[in-house]
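Enquirer: Okay, here's what each chain looks like letter by letter:
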Amino acid sequence: MRSEPVVRIQSLVKRYGTKTAVDGLDLEASAGITAVLGPNGAGKTTTVETCEGYRRPDAGNIRVLGLDPVAQAGELRPRIGVMLQSGGVYSGARADEMLRHKAKLHAHPLDVDTLIERLGLGSCGRTTYRRLSGGQQQRLALAMAVVGRPELVFLDEPTAGLDPQARRATWDLVRDLRADGVSVILTTHHMDEAEQLSDDVAIVDAGRVIAQGSPEQLCRGGAENTLRFSGRPGLDVASLLKALPPDSAAAELTPGAYRVSGEVDPQLLATVTSWCAQHGVMPDKISVERHTLEDVFLEMTGKELRG
Amino acid sequence: MTAVGTFTPKPGAAPLSRMIGAQAVLETKMLLRNGEQLLLTVVIPTLLLVLFSSVDIVDTGDGKAVDFLTPGVLALAVMSTAFTGQAIATGFERRYGVLKLLASSPLPRWALMTAKTLSVLVTEVLQVILLTVIAFALGWNPHGNPLAVLLLLVLGTAAFSGLGLLMAGTLKAEATLAAANLVFLLLLVGGGVIVPLDKFPEAAQSVLGLLPISALSGGLRDVLQHGASMPWGDLGILAVWALVGLGAAGRFFRWE
Chain A
1 MRSEPVVRIQ SLVKRYGTKT AVDGLDLEAS AGITAVLGPN GAGKTTTVET CEGYRRPDAG
61 NIRVLGLDPV AQAGELRPRI GVMLQSGGVY SGARADEMLR HKAKLHAHPL DVDTLIERLG
121 LGSCGRTTYR RLSGGQQQRL ALAMAVVGRP ELVFLDEPTA GLDPQARRAT WDLVRDLRAD
181 GVSVILTTHH MDEAEQLSDD VAIVDAGRVI AQGSPEQLCR GGAENTLRFS GRPGLDVASL
241 LKALPPDSAA AELTPGAYRV SGEVDPQLLA TVTSWCAQHG VMPDKISVER HTLEDVFLEM
301 TGKELRG
Chain S
1 MTAVGTFTPK PGAAPLSRMI GAQAVLETKM LLRNGEQLLL TVVIPTLLLV LFSSVDIVDT
61 GDGKAVDFLT PGVLALAVMS TAFTGQAIAT GFERRYGVLK LLASSPLPRW ALMTAKTLSV
121 LVTEVLQVIL LTVIAFALGW NPHGNPLAVL LLLVLGTAAF SGLGLLMAGT LKAEATLAAA
181 NLVFLLLLVG GGVIVPLDKF PEAAQSVLGL LPISALSGGL RDVLQHGASM PWGDLGILAV
241 WALVGLGAAG RFFRWE
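Sequence lines, in order, name chains A and S. Heads up: the first sequence is residues 1 to 307, going by UniProt numbering. Heads up: the second sequence is residues 1 to 256, going by UniProt numbering.
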């Protein structure tokens, strides 16, 4: 693994006319899988496309694999793989024909037949691109992004419109890429995708990164987790609180319904149940709610992630 | 599942010649596979040549009709491939993100344009062979300097490519489709392809004569029908169109 970040963005600004799409965005992505998560219109695609050399920043500085994506495009392009949100293939080309063509543009491409089999594109046969299903088109685009054996792959909404099975297949491939040392930057507005796949998540809203960290860090930080249980009404909440670690809270919300909030971990659960045992309480309906990225996002922006 | 290490990075661009060759082959395949394109580049020129040579519909002046028509149809073939076909295909490639995705591949943009030009030239060679064989079968008797013919075809290709790419790179794909077909039809009628320019009013003639299609058909006719050695005037007109068209395309072409 490389210590140098694969992508370093400093104070990126990008405007389209009077609309500011990216507004002073800072982001560092290390080797591994980095998800850029945010609602539609947050500036994810603009950010990624600036990294790919499609757009010139209005202000700020970008380095991808240590290179300037515009000034050193010739050097950078063979080292990256790009999957656009849609399109990119001649409407009259067949899947295997297009993939073989993309392979010919690279010095040491992957074996095309293996890749076709791996992504289940073998059944496309002689079908031209415009007649492929949405899922097949997505998988072909993914195959084209990786066939040149790049160091870094940009995937823009790689599972948009895929059925659950194809989605899993895509996730598996992304994990295999990571295992073989390929870094991945993926944009998504699916929290589960970001949580499942990524080492690092950057949450983007209104053209800025508002939080970054591993999915666990993001879920733990900021948002509180809660444990709920039912028991007989009127338990001594103050006594329970004394047993809990500092920074915890406990309350009887309605008679017999209790809520403990704080850092909910196995230790806390054990503390609560042993307190109940000591007080002769049979706790019922114990439930633990850990925050998801969606809660984190809601808390930070007051917006639904699926904008 | 794939073995561990399958995706281990080993990046690198293929040699330029291989990239350009592969791209040119693919572009040519796409063109020859497209029915609408074939109608435009093969069927229409062939039909016009055969029909108007054998049936006396248009008064083509003194001499055999085929000697008048073949240079015109050759000019039409160049226009259909370099201008109409290229404009429509490139317009849709732009619309569907093909140009965009290729721009992030190791293939440099100039190499993509080189490959497109090669593909146009290959198609034109196939057209010229087909039309020449048919014309000979119809009793065509060409004259003149082959070098002048080649020069006219090359400059004509450059002029029409520039205009086609300008259209494809600035208009919406649907607008390009409509406009390229309309221009094709108008220039077919008003550019000395099958209807001699002297059938038009005098005022119109001087304007029509400056069109790239008129310069190409007129120049080819001067050489092939009348044995002129080098039609400088027509070559000059084509050169100006090529400079203006390619210059404007280079300046205004948008890749997305």
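Calculated directly from the structure, the hints in this document are not laboratory data. Idealized CB from N, CA, C, for every residue including glycine. Any given hint could turn out to be false.
[To be verified] Think about it this way: if two alpha-carbon atoms lie no more than 30 angstroms apart in a straight line, the pair counts; the simulated DSS-like pairs of lysine-lysine are:
id, chain 1, residue 1, chain 2, residue 2
1, S, K100, S, K10
2, S, K29, A, K104
3, S, K64, A, K104
4, S, K29, S, K172
5, S, K29, A, K19
6, A, K104, S, K199
[To be verified] Covered stretches of chain A, as calculated for chain S (at least 3 residues, CB under 8 angstroms):
id, stretch
7, 55-62
8, 79-89
9, 138-151
[Stated by the list, open to error] For each label pair, taking beta carbons as the anchor points, the in silico distance ranges come out as:
id, chain 1, residue 1, chain 2, residue 2, range
10, A, P164, S, L182, 41 to 49 angstroms
11, A, D180, S, V244, 29 to 37 angstroms
12, S, W110, A, A206, 36 to 44 angstroms
13, A, P245, S, G12, 36 to 44 angstroms
14, A, G134, S, W110, 30 to 38 angstroms
15, A, T20, S, R109, 27 to 35 angstroms
16, A, D192, S, G12, 34 to 42 angstroms
17, A, T20, S, G247, 27 to 35 angstroms
Enquirer: Run every hint past the structure and note whether it holds.
Expert: Hints and how they fare:
1. K100(S) x K10(S): Holds. K100(S) to K10(S) sits at ~23 angstroms (cutoff 30 angstroms).
2. K29(S) x K104(A): holds, 16 angstroms
3. K64(S) x K104(A): violated, 50 angstroms
4. K29(S) x K172(S): The given pair, whose Cα atoms are some 24 angstroms apart, holds under the 30 angstroms limit.
5. K29(S) x K19(A): With Cα atoms ~42 angstroms apart, K29(S) and K19(A) exceed 30 angstroms; violated.
6. K104(A) x K199(S): violated, 53 angstroms
7. 55-62: Coverage by chain S is violated here, the residue count being 0 at a Cβ distance below 8 angstroms.
8. 79-89: holds (count 8)
9. 138-151: holds (count 6)
10. P164(A) x L182(S): 41 to 49 angstroms: Since P164(A) and L182(S) have Cβ atoms about 48 angstroms apart, the given range 41 to 49 angstroms holds.
11. D180(A) x V244(S): 29 to 37 angstroms: Once the Cβ atoms are compared, 51 angstroms apart, the range 29 to 37 angstroms for V244(S) and D180(A) is violated.
12. W110(S) x A206(A): 36 to 44 angstroms: holds, 38 angstroms
13. P245(A) x G12(S): 36 to 44 angstroms: Taking Cβ atoms as reference, P245(A) and G12(S) lie about 55 angstroms apart, which means the hint is violated.
14. G134(A) x W110(S): 30 to 38 angstroms: Taking Cβ atoms as reference, G134(A) and W110(S) lie about 34 angstroms apart, which means the hint holds.
15. T20(A) x R109(S): 27 to 35 angstroms: holds, 28 angstroms
16. D192(A) x G12(S): 34 to 42 angstroms: This hint holds: roughly 36 angstroms between Cβ atoms.
17. T20(A) x G247(S): 27 to 35 angstroms: holds, 34 angstroms
Taken one by one, the earlier hints fail for this structure at numbers 3, 5, 6, 7, 11, 13, listed in ascending order.
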